[in-house]
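**Q** Now for the letters of each chain:
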Amino acid sequence: GQNIDQPTEMTATEGAIVQINCTYQTSGFNGLFWYQQHAGEAPTFLSYNVLDGLEEKGRFSSFLSRSKGYSYLLLKELQMKDSASYLCAVRADSNYQLIWGAGTKLIIKP
Amino acid sequence: ETGVTQTPRHLVMGMTNKKSLKCEQHLGHNAMYWYKQSAKKPLELMFVYSLEERVENNSVPSRFSPECPNSSHLFLHLHTLQPEDSALYLCASSRRGVGGNYGYTFGSGTRLTVV
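Each protein sequence line maps, in turn, to chains A and B. Counting from 138, one number per residue, gives the positions in the first sequence under our numbering. Counting from 959, one number per residue, gives the positions in the second sequence under our numbering.
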């Protein structure tokens, strides 16, 4: 079957660094996405990885290891506004549909 | 605004009511989706329309009825819902058949409460 696992909730301190992990078991692989979702709002696109390695975009970076079925989202210099849920999603084939994890709720404390 | 507009933002309905959710996108996308989001659960794909044809229906109860009159508009018609149908309903759009960095653009969702 298709499965994506990520921690349910994490807590971090303002100004610190946090890493949110995502592991996946899917029938194929054609890209991994990270989305951010603030409470009551739409998920918004953060990053996309299809090749192994690290993609950096400002304070956010995303890493992928296809052989391990593993990705992480790294958030640096945490701000209170980073408190949100972070969703990991995999496109399993050349189709356009995504398989979603349940999301990780990140709580930032002063 | 994300480029995908959903209305209404909030909806409270009785189990005998009939209501409709509306979604609109003008991003030039050719696939549209309805998702159900419940607390602490993955997004549940309900329906997919590609080029105005329904291409997937994930065993959704018949009390949910989708309609896609054109590539920019998507509706979800609701009737005789149950309390367990209370959730956030998200519309999304994407480009079909294109790999690469083409994920979804989501609407802000409709928070549905069935009483």
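One or more hints might be untrue.
[What the hints assert, rightly or not] Straight-line distance between alpha carbons at most 27 Å, and here's what the computed DSS-like set of lysine-lysine pairs gives:
id : chain 1 : residue 1 : chain 2 : residue 2
1  : A       : K218      : B       : K976
2  : A       : K242      : B       : K976
3  : A       : K218      : A       : K205
[Unchecked claim] Derived DEER-like restraints, expressed as beta-carbon distance ranges:
id : chain 1 : residue 1 : chain 2 : residue 2 : range
4  : B       : S1044     : A       : N167      : 30 to 36 Å
5  : B       : E1002     : A       : Q162      : 33 to 39 Å
6  : B       : E1025     : A       : I244      : 37 to 43 Å
7  : A       : R196      : B       : R1021     : 40 to 46 Å
8  : B       : K976      : A       : A153      : 18 to 24 Å
9  : A       : Q162      : B       : P1027     : 22 to 28 Å
[Stated by the list, open to error] Okay, the calculated bits of chain B under chain A, using three or more residues with CB under 8 Å as the criterion:
id : stretch
10 : 996-1010
11 : 1062-1070
The hints are simulated quantities; they were obtained by calculation from the structure and are not laboratory data. The beta carbon of each residue, even a glycine, is placed where N, CA and C say it ideally should be.
**Q** If a hint holds in the structure, say so; if it doesn't, say that too.
**A** How the hints compare with the structure:
no., hint, verdict
1, A:K218 - B:K976, "violated, 38 Å"
2, A:K242 - B:K976, "violated, 34 Å"
3, A:K218 - A:K205, "violated, 31 Å"
4, B:S1044 - A:N167: 30 to 36 Å, "holds, 34 Å"
5, B:E1002 - A:Q162: 33 to 39 Å, "violated, 19 Å"
6, B:E1025 - A:I244: 37 to 43 Å, "holds, 39 Å"
7, A:R196 - B:R1021: 40 to 46 Å, "holds, 44 Å"
8, B:K976 - A:A153: 18 to 24 Å, "violated, 50 Å"
9, A:Q162 - B:P1027: 22 to 28 Å, "violated, 38 Å"
10, 996-1010, "holds (count 7)"
11, 1062-1070, "holds (count 7)"
Hint check: violations occur at hints 1, 2, 3, 5, 8 and 9; the rest are consistent with the structure.
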